[in-house]
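**Student:** Construct all of the structure, not just a fragment, from the sequences and the given hints.
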Amino acid sequence: MWSKMVAIARREWAAYFNSPVAYVFIVIFLVLTGFMTFSVARFYEAGQADLRSFFFWHPWLYLILAPAAAMRAWAEERRSGTIELLFSAGVRPWEAILGKFLASWLFLALALVLTFPMVLTVGYLGRPDYGAIAGGYLGSLLLAGAYLAAGQCTSACTRNQVVSFVLAVVLGLFLLLAGYPPVTDMLSRWAPGWLVAGVAGFSVMPPYDALQRGVIDLRDLVYFASLIGVLLFATERILAARGLGR
Amino acid sequence: MLEAHDLRKNYGARRAVAGVSLHCEPGAVVGVLGPNGAGKTTTIRMLAGFLKPTAGTVRVKGIDVVAEPARAQRQIGYLPENTPLYDDLTVTEFITFMGALRLGRTPTLVRRVAEVIEACALERVRHQGVQTLSKGYRQRTCLAQALIHDPGVLLLDEPTEGLDPNQKHVVRGMIREMAANKVVLISTHVLEEVDAMCGRVLIINEGRIVADETPAALRARGSRHNVVVLDVRAPVEAVRTALAALPGVARVEGVAPAEGPSRLTLFPEPGAQPTPAALEAIRKQGWVLESVRQEEGDLNEVFRRLTTSEEAA
Numbered sequence: 001m002w003s004k005m006v007a008i009a010r011r012e013w014a015a016y017f018n019s020p021v022a023y024v025f026i027v028i029f030l031v032l033t034g035f036m037t038f039s040v041a042r043f044y045e046a047g048q049a050d051l052r053s054f055f056f057w058h059p060w061l062y063l064i065l066a067p068a069a070a071m072r073a074w075a076e077e078r079r080s081g082t083i084e085l086l087f088s089a090g091v092r093p094w095e096a097i098l099g100k101f102l103a104s105w106l107f108l109a110l111a112l113v114l115t116f117p118m119v120l121t122v123g124y125l126g127r128p129d130y131g132a133i134a135g136g137y138l139g140s141l142l143l144a145g146a147y148l149a150a151g152q153c154t155s156a157c158t159r160n161q162v163v164s165f166v167l168a169v170v171l172g173l174f175l176l177l178a179g180y181p182p183v184t185d186m187l188s189r190w191a192p193g194w195l196v197a198g199v200a201g202f203s204v205m206p207p208y209d210a211l212q213r214g215v216i217d218l219r220d221l222v223y224f225a226s227l228i229g230v231l232l233f234a235t236e237r238i239l240a241a242r243g244l245g246r
Numbered sequence: 001m002l003e004a005h006d007l008r009k010n011y012g013a014r015r016a017v018a019g020v021s022l023h024c025e026p027g028a029v030v031g032v033l034g035p036n037g038a039g040k041t042t043t044i045r046m047l048a049g050f051l052k053p054t055a056g057t058v059r060v061k062g063i064d065v066v067a068e069p070a071r072a073q074r075q076i077g078y079l080p081e082n083t084p085l086y087d088d089l090t091v092t093e094f095i096t097f098m099g100a101l102r103l104g105r106t107p108t109l110v111r112r113v114a115e116v117i118e119a120c121a122l123e124r125v126r127h128q129g130v131q132t133l134s135k136g137y138r139q140r141t142c143l144a145q146a147l148i149h150d151p152g153v154l155l156l157d158e159p160t161e162g163l164d165p166n167q168k169h170v171v172r173g174m175i176r177e178m179a180a181n182k183v184v185l186i187s188t189h190v191l192e193e194v195d196a197m198c199g200r201v202l203i204i205n206e207g208r209i210v211a212d213e214t215p216a217a218l219r220a221r222g223s224r225h226n227v228v229v230l231d232v233r234a235p236v237e238a239v240r241t242a243l244a245a246l247p248g249v250a251r252v253e254g255v256a257p258a259e260g261p262s263r264l265t266l267f268p269e270p271g272a273q274p275t276p277a278a279l280e281a282i283r284k285q286g287w288v289l290e291s292v293r294q295e296e297g298d299l300n301e302v303f304r305r306l307t308t309s310e311e312a313a
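First to last, the sequence lines map onto chains L and D. For the first sequence, this note's numbering begins at 1 and goes up steadily by one. For the second sequence, this note's numbering begins at 1 and goes up steadily by one.
Keep in mind the hints are simulated off the structure, nothing from the lab. It is possible that some hints are incorrect.
Looking from chain L toward chain D, a few residues come up when the C-beta cut is under 7 angstroms (computed) [to be verified]: (1) 4; (2) 7; (3) 81; (4) 82; (5) 84; (6) 87; (7) 88; (8) 89; (9) 90; (10) 91.
Heads up, incomplete: computed chain D residues facing chain L, CB under 10 angstroms, no partners named [claimed, not checked]: (11) 52; (12) 69; (13) 70; (14) 76; (15) 77; (16) 86; (17) 104.
Each residue gets a CB set at the ideal place from its N, CA and C atoms; glycine is no exception.
**Tutor:** Structure follows, in structure tokens:
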């Protein structure tokens with residue numbers, strides 16, 4: 001089980017770096033996080049030794065960048081027919097799904113690690129709460145995982161990477177906005193309370209905000225883990241419905 | 001070794017495969033022939049464990065492919081139609097990846113990669129990107145991944161499609177050699193492939209097997225099987241009468257061209273071999289025999305008859 005998953009993860013990881021995708025992605029991620037933090041959120045003017053203005057933008061960046069990192073996963077296998085090689089070589093669907101997901105997650109984790117100068121900067125300028133920063137990074141990583149799992153799911157729906165990308169952005173937007181005050185306020189005007197709570201419960205924002213503040217609640221971790229699990233399970237079901245991977 | 005029983009596959013209301021059974025042992029290349037859309041690829045995909053049959057079973061060395069795909073697939077090497085490859089890898093990287101799925105990252109893997117690169121004559125392109133390969137090398141690279149785990153069963157979907165005559169010759173030679181100790185099943189819609197390498201032919205039409213024979217037996221079904229064509233310097237009617245009187249001759253047709261010898265076409269009765277008697281009769285009359293040839297029967301004709309639906313029905 002593990003050796004096949006690892007072989008697939010290694011191959012997917014190499015696929016990022018065999019093409020310009022990895023470099024373009026990482027550079028754009030770093031430039032945008034820097035731009036958002038320093039120019040848009042006015043990091044220096046705020047005068048606070050924390051990374052809230054940095055983490056604030058991550059959900060929006062991932063909304064575009066995570067689907068871009070995940071869209072290839074299944075769409076390309078199906079378009080080129082290599083999926084036939086994979087599923088005739090004794091690979092089980094779960095091994096392939098987990099391998100592909102872990103490779104993309106590690107790849108986003110690498111991009112996140114490369115933002116370490118932000119930590120050095122606040123550390124140099126003041127006395128930040130490193131617990132909150134660690135929580136912020138953990139939240140950001142889990143958020144990236146949720147978006148990537150959504151991307152896996154939409155990539156399994158189609159042979160077309162662009163369609164996969166667009167669907168993943170829409171799905172990501174739902175996860176993001178479900179708990180966004182303008183949406184919940186609008187809903188609460190006419191919808192019953194339980195429905196508002198139900199929809200808002202899907203949102204990635206409350207658990208992400210809690211982690212950013214350095215509050216590591218087991219429920220939030222379970223939320224992210226189950227969200228990722230459900231989306232990957234849906235991926236497996238979508239493939240099976242297409243007669244792929246049995 | 002490879003057995004399928006009453007395999008069926010429906011796509012919605014359409015029946016792609018409607019009850020295919022087969023049994024293959026090592027020794028001869030089995031050719032699956034059929035017109036485009038007859039169900040060849042669907043059948044091979046089910047044998048390979050890639051597609052789940054709507055009904056029916058496939059067993060490889062006794063292992064059920066549907067119930068235990070991963071275990072059964074250890075015994076199967078599969079070359080899909082159109083030779084899909086991961087275009088961002090080099091030849092060695094591609095074979096190593098496919099091998100790692102099959103064998104894990106073991107010392108065996110390193111040895112096997114070297115062996116299949118040699119067996120498929122890929123040394124010259126081993127560090128080349130898959131994307132830049134010619135069609136012939138793509139085919140052999142994909143064949144190499146099918147061989148990496150030394151499977152007992154090889155399923156090759158149109159292995160020589162799109163190759164030039166020289167490349168076809170090389171690939172066919174490799175396939176023939178492998179059939180000595182493996183079950184080798186190829187699909188094709190090219191009849192010359194049958195003569196080039198198959199010892200047994202399955203003809204599929206509309207999702208069913210309509211013939212399962214050796215190429216020679218298939219030819220014998222042709223309307224011109226064992227027909228003898230003789231060119232004789234003599235009056236056509238005289239020769240025709242003499243030959244028609246021989247035992248084992250069903251009928252004789254004769255034409256006398258404006259120039260040259262008379263041409264006589266002798267149709268034997270089923271199972272009869274009247275050629276020696278015919279030659280003897282011509283010699284006795286003192287006629288000059290310019291040429292003689294016995295036809296084997298035309299595969300094209302048999303194929304057409306078996307796969308054009310109005311007659312197959």
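**Student:** Could you run down the list of hints and mark each one as holding or not?
**Tutor:** Structure-based check of each hint:
The beta carbon of residue 4 of chain L comes within 5 angstroms of a beta carbon in chain D, closer than 7 angstroms, and the hint placing it at the interface holds. A cut of 7 angstroms between beta carbons decides the hint on residue 7 of chain L: the least distance to chain D is about 4 angstroms, and the hint holds. About 3 angstroms separates the beta-carbon of residue 81 of chain L from the nearest beta-carbon of chain D, less than 7 angstroms, and the hint is met. Annotation: residue 82 of chain L was flagged as interfacial toward chain D, and the flag holds, the nearest CB pair being 5 angstroms apart, inside 7 angstroms.
Look at residue 84 of chain L: its Cβ gets to within about 4 angstroms of chain D, closer than 7 angstroms, so that hint holds up. A distance limit of 7 angstroms between C-beta atoms decides the matter here; for residue 87 of chain L the minimum to chain D is near 5 angstroms, and the interface restraint holds. With a least beta-carbon distance of about 4 angstroms to chain D, the hint placing residue 88 of chain L at the interface is held under the 7 angstroms criterion. For residue 89 of chain L, the interface hint holds, the least distance from its beta-carbon to any beta-carbon of chain D being 5 angstroms, beneath 7 angstroms.
With a least beta-carbon distance of about 4 angstroms to chain D, the hint placing residue 90 of chain L at the interface is held under the 7 angstroms criterion. Among the interface hints, the one on residue 91 of chain L holds; its C-beta lies about 6 angstroms from the nearest C-beta in chain D, closer than the 7 angstroms criterion. The beta carbon of residue 52 of chain D comes within 5 angstroms of a beta carbon in chain L, closer than 10 angstroms, and the hint placing it at the interface holds. The closest approach between the C-beta of residue 69 of chain D and any C-beta of chain L is roughly 6 angstroms, which is under the 10 angstroms cut-off, so the hint is satisfied.
For residue 70 of chain D, the suggested interface contact is upheld, since its CB lies about 4 angstroms from the closest CB of chain L, less than 10 angstroms. Taking 10 angstroms as the C-beta contact cut-off toward chain L, the hint placing residue 76 of chain D at the interface holds, the least distance being around 7 angstroms. Checking residue 77 of chain D against chain L by beta carbon gives a least distance of about 9 angstroms; that is within 10 angstroms, so the hint holds. Given hint, residue 86 of chain D at the interface with chain L, holds; its Cβ is 6 angstroms from that chain's nearest Cβ, closer than 10 angstroms.
Because the smallest distance between the Cβ of residue 104 of chain D and any Cβ of chain L comes to about 4 angstroms, under 10 angstroms, the interface hint for this residue holds.
Checked against the numbered hints above, the structure breaks none of them.
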